[in-house]
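Asker: With chain Y's structure known, arrange chain A on it following the hints.
Residue numbers (the numbering used here), protein chains in the order written: chain Y, 1 to 341; chain A, 1 to 803.
The hints are simulated quantities; they were obtained by calculation from the structure and are not laboratory data. The beta-carbon is built from N, C-alpha and C at its ideal position, and this holds for glycine as well. Don't take each hint at face value.
Derived, one-sided and incomplete: chain A residues facing chain Y with beta-carbon distance under 10 Å [what the hints assert, rightly or not]:
{"no.": "1", "residue": "Ser32"}
{"no.": "2", "residue": "Lys35"}
{"no.": "3", "residue": "Asn486"}
{"no.": "4", "residue": "Thr526"}
{"no.": "5", "residue": "Asn554"}
{"no.": "6", "residue": "Glu558"}
{"no.": "7", "residue": "His577"}
{"no.": "8", "residue": "Glu590"}
Straight-line alpha carbon distances no greater than 27 Å define the calculated DSS-like cross-link-like pairs of lysine-lysine that follow [as the list claims (entries may be wrong)]:
{"no.": "9", "chain 1": "A", "residue 1": "Lys625", "chain 2": "A", "residue 2": "Lys762"}
{"no.": "10", "chain 1": "Y", "residue 1": "Lys277", "chain 2": "Y", "residue 2": "Lys236"}
{"no.": "11", "chain 1": "Y", "residue 1": "Lys267", "chain 2": "A", "residue 2": "Lys23"}
{"no.": "12", "chain 1": "Y", "residue 1": "Lys277", "chain 2": "Y", "residue 2": "Lys323"}
{"no.": "13", "chain 1": "Y", "residue 1": "Lys2", "chain 2": "Y", "residue 2": "Lys31"}
{"no.": "14", "chain 1": "Y", "residue 1": "Lys277", "chain 2": "Y", "residue 2": "Lys199"}
{"no.": "15", "chain 1": "A", "residue 1": "Lys318", "chain 2": "A", "residue 2": "Lys291"}
{"no.": "16", "chain 1": "Y", "residue 1": "Lys236", "chain 2": "A", "residue 2": "Lys35"}
{"no.": "17", "chain 1": "A", "residue 1": "Lys711", "chain 2": "A", "residue 2": "Lys737"}
{"no.": "18", "chain 1": "A", "residue 1": "Lys35", "chain 2": "Y", "residue 2": "Lys277"}
{"no.": "19", "chain 1": "A", "residue 1": "Lys537", "chain 2": "Y", "residue 2": "Lys199"}
{"no.": "20", "chain 1": "Y", "residue 1": "Lys321", "chain 2": "A", "residue 2": "Lys35"}
{"no.": "21", "chain 1": "A", "residue 1": "Lys23", "chain 2": "Y", "residue 2": "Lys277"}
{"no.": "22", "chain 1": "A", "residue 1": "Lys607", "chain 2": "Y", "residue 2": "Lys199"}
{"no.": "23", "chain 1": "Y", "residue 1": "Lys199", "chain 2": "A", "residue 2": "Lys35"}
{"no.": "24", "chain 1": "Y", "residue 1": "Lys220", "chain 2": "A", "residue 2": "Lys430"}
{"no.": "25", "chain 1": "Y", "residue 1": "Lys199", "chain 2": "Y", "residue 2": "Lys220"}
{"no.": "26", "chain 1": "Y", "residue 1": "Lys48", "chain 2": "Y", "residue 2": "Lys2"}
{"no.": "27", "chain 1": "A", "residue 1": "Lys625", "chain 2": "Y", "residue 2": "Lys100"}
{"no.": "28", "chain 1": "A", "residue 1": "Lys430", "chain 2": "Y", "residue 2": "Lys293"}
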Amino acid sequence: MKEMLQKLREEFGVAIAQVQDAAELDSLRVKYLGKKGELTAILKQMGKLSAEERPVIGQLANQVRAEMDERITACSASLAEKELESRLKRETLDVTVPGKTPVIGHRHPINITVDEIKEIFIGMGFQVIDGPEIELASYNFDRLNAEEGHPSRDWSDTFYFDEDSRVMLRSQTSPMQVRAMESMDLPIRIVAPGRVYRKDEVDATHSPMFHQIEGMVIDKGITMADLKGTLNEVMKQLYGKDTVTRFRPHHFPFTEPSCEMDVQCHKCGGVGCPTCKGEGWIELLGAGMIHPKVLEMSGIDSEVYTGWAFGMGVERLAMRKFKIPDLRLIFENDVRFLEQF
Amino acid sequence: MNLSRKWLNAFVEDADITQISDKAFDEAMTLSGSKVEVTTAPGEEIRNVVVGKVVEIRRHENSDHMWICQLDIGKEAPVQIVTGAQNVKLGDVVPVAKHNSYLPGGVHITKGKLRGEKSEGMLCSLSELGLDIHDFPGAFEDGIFILSDDPELKDKLVPGEDVRPLLGLDDHVVEFEITPNRPDCLSVIGLAREVAATFDKPLKLHTPVVQELGKEELSSLLQVRVDAPELCPRYSSRMVRNVRIAPSPQWMRERLRMSGVRPINNIVDITNYVMLEYGQPMHAFDYRYVKGGKIIVRKAEDGETLTTLDGTVRKLTKDMLVIADETRAVGLAGIMGGENSEIVEDTVDVVFESANFDGTCIRRGALALGMRTEASAKFEKGLDPMNTVPALERACELVEMLGAGEVLPGMIDVENHSYEPYSLALRPEKINELLGTEIDVDTMCDILRKIGFGIDGETVTVPSWRGDVRHYSDLAEEVARFYGYNNLPTTLMRGETTRGGYTQEQLVENRLGTLCSGFGFDEILTYSFISPDYYDKIRWAADDPRRESFRILNPLGEDTSIMRTTTLPSMLEILSHNFNYRNRNVRLYELGRYYLPGGEDGLAQEKRCLSLGAYDETMDFYTLKGCICAILDDLRIGDVRFTACADNPSYHPGRCAYVFSGDTCLGVFGQIHPLVAQNYDMDTELYCAELSVEALFAVRGAQSEYVALPKYPAVMRDLALVCDESVTVGALEDCIKGASKSLLREIELFDIYRGPGIAEGKKSVAFSLILRADDRSLTAEEVDAEMATVLAALSEKLDAVLR
Chain Y
1 MKEMLQKLRE
11 EFGVAIAQVQ
21 DAAELDSLRV
31 KYLGKKGELT
41 AILKQMGKLS
51 AEERPVIGQL
61 ANQVRAEMDE
71 RITACSASLA
81 EKELESRLKR
91 ETLDVTVPGK
101 TPVIGHRHPI
111 NITVDEIKEI
121 FIGMGFQVID
131 GPEIELASYN
141 FDRLNAEEGH
151 PSRDWSDTFY
161 FDEDSRVMLR
171 SQTSPMQVRA
181 MESMDLPIRI
191 VAPGRVYRKD
201 EVDATHSPMF
211 HQIEGMVIDK
221 GITMADLKGT
231 LNEVMKQLYG
241 KDTVTRFRPH
251 HFPFTEPSCE
261 MDVQCHKCGG
271 VGCPTCKGEG
281 WIELLGAGMI
291 HPKVLEMSGI
301 DSEVYTGWAF
311 GMGVERLAMR
321 KFKIPDLRLI
331 FENDVRFLEQ
341 F
Chain A
1 MNLSRKWLNA
11 FVEDADITQI
21 SDKAFDEAMT
31 LSGSKVEVTT
41 APGEEIRNVV
51 VGKVVEIRRH
61 ENSDHMWICQ
71 LDIGKEAPVQ
81 IVTGAQNVKL
91 GDVVPVAKHN
101 SYLPGGVHIT
111 KGKLRGEKSE
121 GMLCSLSELG
131 LDIHDFPGAF
141 EDGIFILSDD
151 PELKDKLVPG
161 EDVRPLLGLD
171 DHVVEFEITP
181 NRPDCLSVIG
191 LAREVAATFD
201 KPLKLHTPVV
211 QELGKEELSS
221 LLQVRVDAPE
231 LCPRYSSRMV
241 RNVRIAPSPQ
251 WMRERLRMSG
261 VRPINNIVDI
271 TNYVMLEYGQ
281 PMHAFDYRYV
291 KGGKIIVRKA
301 EDGETLTTLD
311 GTVRKLTKDM
321 LVIADETRAV
331 GLAGIMGGEN
341 SEIVEDTVDV
351 VFESANFDGT
361 CIRRGALALG
371 MRTEASAKFE
381 KGLDPMNTVP
391 ALERACELVE
401 MLGAGEVLPG
411 MIDVENHSYE
421 PYSLALRPEK
431 INELLGTEID
441 VDTMCDILRK
451 IGFGIDGETV
461 TVPSWRGDVR
471 HYSDLAEEVA
481 RFYGYNNLPT
491 TLMRGETTRG
501 GYTQEQLVEN
511 RLGTLCSGFG
521 FDEILTYSFI
531 SPDYYDKIRW
541 AADDPRRESF
551 RILNPLGEDT
561 SIMRTTTLPS
571 MLEILSHNFN
581 YRNRNVRLYE
591 LGRYYLPGGE
601 DGLAQEKRCL
611 SLGAYDETMD
621 FYTLKGCICA
631 ILDDLRIGDV
641 RFTACADNPS
651 YHPGRCAYVF
661 SGDTCLGVFG
671 QIHPLVAQNY
681 DMDTELYCAE
691 LSVEALFAVR
701 GAQSEYVALP
711 KYPAVMRDLA
721 LVCDESVTVG
731 ALEDCIKGAS
741 KSLLREIELF
751 DIYRGPGIAE
761 GKKSVAFSLI
771 LRADDRSLTA
781 EEVDAEMATV
791 LAALSEKLDA
801 VLR
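So here's chain Y without its partners, still in its complex pose (with noise of 0.2 Å):
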């Protein structure tokens, strides 16, 4: 029987080594495990054995089981394996081919760039206000120190809706200066983005409607060393780290002194070359401390409270930080010129 047994097993472990398929493995098992299986024979003449040898052969029975057992499970899983491998492999996709992707809009890039700097603003405590473009030219004009007979004040310069010159577009975001000064309590901190117009024909760099933002700060002890320290914050927020600007002295009726702020061309470094136009400073922003008539003329003593106020055109910074070389795409709308962005 002993002889049997290890044929036995000699023959299982050549017929499982052949196995293809889980049908083959289950016939296998049937034949040699099953209640009619060759096994099941060997063992039911046990009890044709002597005392002494049944326990060893009974031993050895139960081992070639326990072997096959074993051998069917570990045969069975690495079928189980292969099966799943062939079908992933069926299942196998071209990666080339396109995603579905969500349709994302796009913000206008004067919006992209208004939001980003008012962040910046509001990161330094400044609160973002608006307010009307169809202004009195008292707010936009006198109320900043433009008298009667100033150039900007002109007909060919802004637009009006009446024959007095009252009711205008508004011509720069300053009248917020004043607008801010009537409606808020001090200390004021504001930015105030918004569109302006101004009597310009349309061309590559030109816009009878534009952007700008406006900030100002008024408090006690302010400093036109701080319109310096924190106007060069932002441009380094904006710009990076390493930006350089200059201050130069320039005029507006409502700041004294006023300055217009520069930075160093990020191109060339300050030599010179043609995205500065051969100067080595970008133009940027106009600025100043607000002039004591202003605040005087909003019923703000101005031996006690001091202030600053910068003024940017939008259009001008946008076009830089997204090398757009011509004004009139931005109010084309044209869909593949806002999807670059």
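Answerer: Chain A in isolation, oriented as in the chain Y frame:
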């Protein structure tokens, strides 16, 4: 303002200034407040052009018009140059462009052969050197520039030397941007003062001296009367007799040319020269044509005409100021002289005018006549009335210096102003507080003195030409710009902290933008002003009250002449642009303003609109509606309903709806009327929405609070109903909701069917209902009972039955 560096050097003779490079000069001036736009060197393009003397000249054997010249150009042997010009003679001295030389316009001259004869360069004409007959009045216009014919050049000619210094082409011209508060810097002297202060060097001013060699009494020949004193604060005048009109000397012509002024003759050149040097416009009249020897400064009469020096007939109005004699106007005050009193070849007696006119009057007059001149550009800024006399003296001094005539003794000086020097306290501590500096008083005083301010203890006297300085903050700017803006400290603000951020409205607006982007809409920005006919294009009736718009009285053109009362046409314009370029799947949004009459102070009510616009296969009515619902949902806007809108002329009458929250109308949306689309040349279905941002903001929901998740399972039942075509889905939904108040949690339409199996005029509408109770699991009986109630209500109210 163009400044000749050589002219400037006459006032600041320090080598530190005269030798400094253009770049360093420009930067220093820009940083002290006189912004330099650009510096140009007119002779820069000319290289390798020298003085040459013709030592031999003969005809070219193979040409009937060419000449072969041998030229002494300072080398041992002469060079041979062939010329086609006919005005060159033996012994003439001429400009020689040598082999490998450059002329204006990038012209490169090299040696070559002309009909077999070698030519080692070229002889130059005036125009080849970038000059014209006004620069050298005696020269040939169409031939070689014979240097030795010019009386002022002939003794300075050394063969071989660079021609540029000889012809004044070695100058550098600095173009300044002068801010409107500094008309004093529209002059060589004014800028020289800034230069001297910037480089901390002395300013050398000259006081004119007039010898007055004329014999007659001025008052017997000339009288001046100012009838409009408010527009003419000062009128100073002198007279010159026995004038000899001639070209002015080379040095004067050069300076004029570098300043961009064309030389004409000595008298006219003197007026221009003094205007440039002193910043005081001058005028010269021919005395013959001042009838009655009387100059009257008066307002023009409406309709009065005057032919100005440029030969144009000007029609004047009563707002304009003229210089007149007893019979007629002879000049437009401060703008341009009249042709009738122009200085001409045979002028014998000249009246010089050096006056001060009202800036606004001059500016408006020049603007109205469309003739902004050098003089008017200066007057319009408001000039210093104390400058008329020195300028007049300088002009007379130049007349004598040039031997141009005999200056009569005396001057007529009509003064209608009351100039008093302006004084104010220095307040150094306030200046330092404003600047954030600790500059000592002496430094401040030094700076102010350098630019002409008087200091007496704590009192500062402002010079007459600085009408812009009236307050300590003005003094602070003067101190700061010479101390150096870039030397001021940089600090961060101290003081009370303020809370930065957006208002609630701005946050909602930002959110709307983000949502629209999320739905695939691109943001657009459109002009706020439109053409009145845009209202026609969107089919608004001629008497539609919404056409009442803010109208710009001086628009750029009709198409940008009114402030829009709706954003719809702007959106359609942009859709149309994109359609024309065959852009596909276009979805756009704008958070735009529109402007309604009736705001405070006569201003507009500026409203905000979320304007959506789209076309192409991805868009239809229900897609747009879905986007709107998502927006409302995001803003937690409740009680939303949609009602059909058949009467909006811009929209398809059967595909347009109002959206409401409760009683608040939030806006309108739908398919654009095909006739409107046609007006914009689009033959496609367009979908637009106009939602009021204010309304959305007003009805937005409060912040959400947590509601416990359901503990008990929900039951889903489908309900397929058959009803009349006229019964809307909304009505069915409302009816179902009304009938199942306690258990219905959600209702969702999943099918609408018309066709076989459903009678004509009927439709089948299928809903999924989700029912749930919060405190128990629903039993089948309960659900059945609820559905029975629902069906009963549907049948009773809408005649809708189970399919």
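Asker: Hint by hint, note whether the structure agrees.
Answerer: Hint-by-hint comparison with the structure:
no., hint, result
1, Ser32, "7 Å, holds"
2, Lys35, "7 Å, holds"
3, Asn486, "6 Å, holds"
4, Thr526, "7 Å, holds"
5, Asn554, "5 Å, holds"
6, Glu558, "13 Å, violated"
7, His577, "6 Å, holds"
8, Glu590, "9 Å, holds"
9, A:Lys625 <-> A:Lys762, "25 Å, holds"
10, Y:Lys277 <-> Y:Lys236, "22 Å, holds"
11, Y:Lys267 <-> A:Lys23, "19 Å, holds"
12, Y:Lys277 <-> Y:Lys323, "15 Å, holds"
13, Y:Lys2 <-> Y:Lys31, "19 Å, holds"
14, Y:Lys277 <-> Y:Lys199, "26 Å, holds"
15, A:Lys318 <-> A:Lys291, "22 Å, holds"
16, Y:Lys236 <-> A:Lys35, "25 Å, holds"
17, A:Lys711 <-> A:Lys737, "22 Å, holds"
18, A:Lys35 <-> Y:Lys277, "15 Å, holds"
19, A:Lys537 <-> Y:Lys199, "26 Å, holds"
20, Y:Lys321 <-> A:Lys35, "25 Å, holds"
21, A:Lys23 <-> Y:Lys277, "14 Å, holds"
22, A:Lys607 <-> Y:Lys199, "24 Å, holds"
23, Y:Lys199 <-> A:Lys35, "25 Å, holds"
24, Y:Lys220 <-> A:Lys430, "13 Å, holds"
25, Y:Lys199 <-> Y:Lys220, "38 Å, violated"
26, Y:Lys48 <-> Y:Lys2, "13 Å, holds"
27, A:Lys625 <-> Y:Lys100, "23 Å, holds"
28, A:Lys430 <-> Y:Lys293, "16 Å, holds"
Going through the hint list in order, the structure does not satisfy hints 6 and 25.
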